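Modelling step: build the complete structure from the supplied sequences, incorporating the hints.
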Amino acid sequence: MPAADERFMQVNMGPQHPSTHGVLRLLVSTDGEVLRDARPYIGYLHRSLEKIAERVTYPQFTPFTDRLDYLASMNCNLAYAMTVEKLLNIEIPRRAQILRVIMAELNRISSHLIAFGSFSSDMGAFTPFLFGIREREFINDLFEMTCGSRLTYNYIRIGGVSQDIPEGFIGKTREFLDYFPAKIKEYNELLSYNAIFIKRLANIAVISTQDALDYGVTGPNLRASGIPWDLRRSEPYLIYNELDFNIPVGKGEVGTVGDAWDRYMMRIYEMEESSRIIRQCLDMLAPGDYTAKVSKVLKPPAGEVYVRAENPRGELGFYLVSDGSTKPYRLKIRAPSFANLSIIPKLARGVMIADLIAIIGSMDIILPEIDR
Amino acid sequence: MAGYFKKMFTALNSVLTGMGITIKYGVNPKAEVTQQYPEVKREPPDRFRGKLFVNINICTGCTACARICPVDVITLKTVRDENKKLRPVIFDINNARCIYCGLCVEACPVDNCLYFEKKYEFSAYTKEDLISHFGLGEAQSPGKKAEEKTADVTKEQKEAAQ
Numbered sequence: 001m002p003a004a005d006e007r008f009m010q011v012n013m014g015p016q017h018p019s020t021h022g023v024l025r026l027l028v029s030t031d032g033e034v035l036r037d038a039r040p041y042i043g044y045l046h047r048s049l050e051k052i053a054e055r056v057t058y059p060q061f062t063p064f065t066d067r068l069d070y071l072a073s074m075n076c077n078l079a080y081a082m083t084v085e086k087l088l089n090i091e092i093p094r095r096a097q098i099l100r101v102i103m104a105e106l107n108r109i110s111s112h113l114i115a116f117g118s119f120s121s122d123m124g125a126f127t128p129f130l131f132g133i134r135e136r137e138f139i140n141d142l143f144e145m146t147c148g149s150r151l152t153y154n155y156i157r158i159g160g161v162s163q164d165i166p167e168g169f170i171g172k173t174r175e176f177l178d179y180f181p182a183k184i185k186e187y188n189e190l191l192s193y194n195a196i197f198i199k200r201l202a203n204i205a206v207i208s209t210q211d212a213l214d215y216g217v218t219g220p221n222l223r224a225s226g227i228p229w230d231l232r233r234s235e236p237y238l239i240y241n242e243l244d245f246n247i248p249v250g251k252g253e254v255g256t257v258g259d260a261w262d263r264y265m266m267r268i269y270e271m272e273e274s275s276r277i278i279r280q281c282l283d284m285l286a287p288g289d290y291t292a293k294v295s296k297v298l299k300p301p302a303g304e305v306y307v308r309a310e311n312p313r314g315e316l317g318f319y320l321v322s323d324g325s326t327k328p329y330r331l332k333i334r335a336p337s338f339a340n341l342s343i344i345p346k347l348a349r350g351v352m353i354a355d356l357i358a359i360i361g362s363m364d365i366i367l368p369e370i371d372r
Numbered sequence: 001m002a003g004y005f006k007k008m009f010t011a012l013n014s015v016l017t018g019m020g021i022t023i024k025y026g027v028n029p030k031a032e033v034t035q036q037y038p039e040v041k042r043e044p045p046d047r048f049r050g051k052l053f054v055n056i057n058i059c060t061g062c063t064a065c066a067r068i069c070p071v072d073v074i075t076l077k078t079v080r081d082e083n084k085k086l087r088p089v090i091f092d093i094n095n096a097r098c099i100y101c102g103l104c105v106e107a108c109p110v111d112n113c114l115y116f117e118k119k120y121e122f123s124a125y126t127k128e129d130l131i132s133h134f135g136l137g138e139a140q141s142p143g144k145k146a147e148e149k150t151a152d153v154t155k156e157q158k159e160a161a162q
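Taken in order, these protein sequences are the chains called S and X.
Here the first sequence stands for residues 1 to 372, where the numbers follow our numbering.
Here the second sequence stands for residues 1 to 162, where the numbers follow our numbering.
These are calculated hints, taken from the structure and not from any lab test.
Treat the numbers as computed from the prediction; the structure is a model and nothing was measured.
Ideal placement from N, C-alpha and C gives every residue a C-beta, glycine not left out.
Since no wrong hints were added, every one of them can be taken at face value.
Listed next, the stretches of chain S that the computed footprint assigns to chain X, with coverage defined by at least 3 CB atoms under 8 Å from CB atoms of chain X:
| # | region |
| --- | --- |
| 1 | 61-70 |
| 2 | 125-139 |
| 3 | 149-160 |
| 4 | 190-196 |
Distance condition first, Cα-Cα at most 27 Å in a straight line; then the derived BS3-like pairs of lysine-lysine:
| # | chain 1 | residue 1 | chain 2 | residue 2 |
| --- | --- | --- | --- | --- |
| 5 | S | Lys172 | S | Lys185 |
| 6 | X | Lys24 | S | Lys199 |
| 7 | S | Lys199 | X | Lys6 |
| 8 | X | Lys41 | S | Lys172 |
| 9 | S | Lys172 | X | Lys119 |
| 10 | S | Lys251 | X | Lys7 |
| 11 | X | Lys24 | S | Lys183 |
| 12 | S | Lys86 | S | Lys299 |
| 13 | X | Lys30 | S | Lys185 |
| 14 | S | Lys199 | S | Lys346 |
| 15 | S | Lys172 | X | Lys30 |
| 16 | S | Lys332 | S | Lys296 |
| 17 | X | Lys118 | X | Lys51 |
| 18 | S | Lys327 | S | Lys296 |
| 19 | X | Lys30 | S | Lys183 |
| 20 | S | Lys86 | S | Lys293 |
| 21 | S | Lys296 | S | Lys86 |
| 22 | S | Lys296 | X | Lys77 |
| 23 | S | Lys296 | X | Lys85 |
| 24 | X | Lys7 | S | Lys199 |
| 25 | S | Lys296 | X | Lys51 |
| 26 | X | Lys118 | X | Lys41 |
| 27 | S | Lys332 | S | Lys299 |
| 28 | X | Lys41 | X | Lys119 |
| 29 | S | Lys51 | S | Lys296 |
| 30 | X | Lys41 | X | Lys30 |
| 31 | S | Lys251 | X | Lys6 |
| 32 | X | Lys118 | S | Lys172 |
| 33 | S | Lys327 | X | Lys77 |
| 34 | S | Lys293 | S | Lys327 |
| 35 | X | Lys7 | S | Lys185 |
| 36 | S | Lys183 | S | Lys172 |
| 37 | S | Lys86 | S | Lys332 |
| 38 | X | Lys6 | S | Lys185 |
| 39 | S | Lys172 | X | Lys24 |
| 40 | S | Lys251 | S | Lys185 |
Right under this line is the structure:
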């Protein structure tokens with residue numbers, strides 16, 4: 001820690017601040033109402049997941065990936081499963097691939113709903129948070145009837161998915177998709193185009209295209225800066241290349257391209273796109289196997305792979321080194337929130353304290369993934 | 001000046017639209033989504049992952065569940081009984097440590113042996129109370145079989161006769 005400058009006051013924001021989305025501690029030095037500096041201190045949720053990976057077998061690590069980004073467990077499961085599958089060179093049945101896409105996109109919606117809700121409550125509007133939670137409940141119920149769990153699903157496994165979807169799942173998902181667009185419209189009326197909300201976020205914490213690339217920002221935050229980079233399109237995995245969907249890009253509708261409002265709005269647009277993807281997938285769903293034949297004891301050949309997937313918060317990457325035994329030799333997790341967090345000190349310089357909350361909220365970081 | 005009023009109008013309009021939605025939900029009794037939890041309980045779905053239960057009488061003691069568990073929840077000790085079958089004398093499940101991932105249930109080769117109950121309310125005062133014991137306990141020392149006993153007696157008689 002650098003020697004404190006006596007002209008500025010050093011204040012800890014967090015680790016127990018309600019707006020830090022977990023246990024993020026920001027050491028801010030303030031000059032009155034203006035921030036001079038904000039340094040994130042992380043590690044309060046460190047569980048050494050990467051080390052645990054070296055001590056458990058390949059299938060045993062899947063439940064731990066649930067605990068990376070707990071709001072998007074399906075996506076984390078998916079990225080890990082794809083990594084091991086690439087190492088093992090397994091072909092996944094088509095039905096399993098479609099099921100995986102459905103689950104990943106449903107989870108993307110539920111994650112963005114939390115992002116929308118918690119951001120609005122950070123900005124002082126509590127009602128939209130409850131609205132977001134209400135719609136998320138539908139998705140939680142869908143997941144619960146599929147895999148039995150509401151948060152840590154452990155559903156997408158190496159080779160496919162753990163079990164086939166239950167009876168009535170397709171009907172209920174369609175019901176949700178029919179119900180959801182009206183709610184998105186409501187969110188927009190309630191919050192997105194609210195004059196106070198726009199005033200609060202337009203032109204705040206602008207991430208320029210160059211900065212976004214320099215800091216390795218990914219996900220909706222990168223796209224808000226005007227770069228149409230989405231791994232589902234740029235580096236398609238599963239069946240994404242057969243699907244018709246748009247990549248929303250920040251246009252600076254109310255202010256500058258890449259401001260906090262753009263970042264927020266990306267998530268609303270992505271929820272619409274995800275709904276479209278799920279609809280197409282439900283139409284494509286044909287009978288078949290839900291999992292490939294995978295032996296119970298996995299012994300991948302020695303080698304190394306890096307696989308990344310588009311998570312709700314950005315690119316989640318797994319770098320896996322195998323020495324030919326039943327346990328990974330090394331597993332490195334590239335967490336999107338970690339890279340997204342790294343730009344906060346730059347954005348926070350010279351803004352008002354209240355805007356720092358807007359910056360953290362609009363980046364939609366999640367701490368378990370950063371500390372892992 | 002006109003711009004000023006226009007801005008004021010849009011701001012007021014957007015705020016009122018938002019308020020309209022809130023009021024709409026406020027007066028509509030159908031919009032209520034709250035569940036009165038302790039009084040009204042929802043029925044969990046069939047695949048619900050609740051408390052683990054072992055039907056110990058059909059357990060073959062294969063230890064597949066204990067081996068797959070990523071967090072070592074299951075303590076399993078087996079001994080061979082008189083029929084050379086594995087007998088699970090200790091089968092403890094530490095619910096405090098369980099992460100409800102379901103790997104053990106999938107690993108179990110016997111139908112309806114290890115499964116999740118639909119129970120989700122099982123908090124306890126101590127950590128010890130959270131451990132469920134399913135084990136059959138130590139078996140009584142297997143006595144000799146009737147034929148062996150008869151053989152023994154004949155042997156003794158023969159020895160006595162000599």
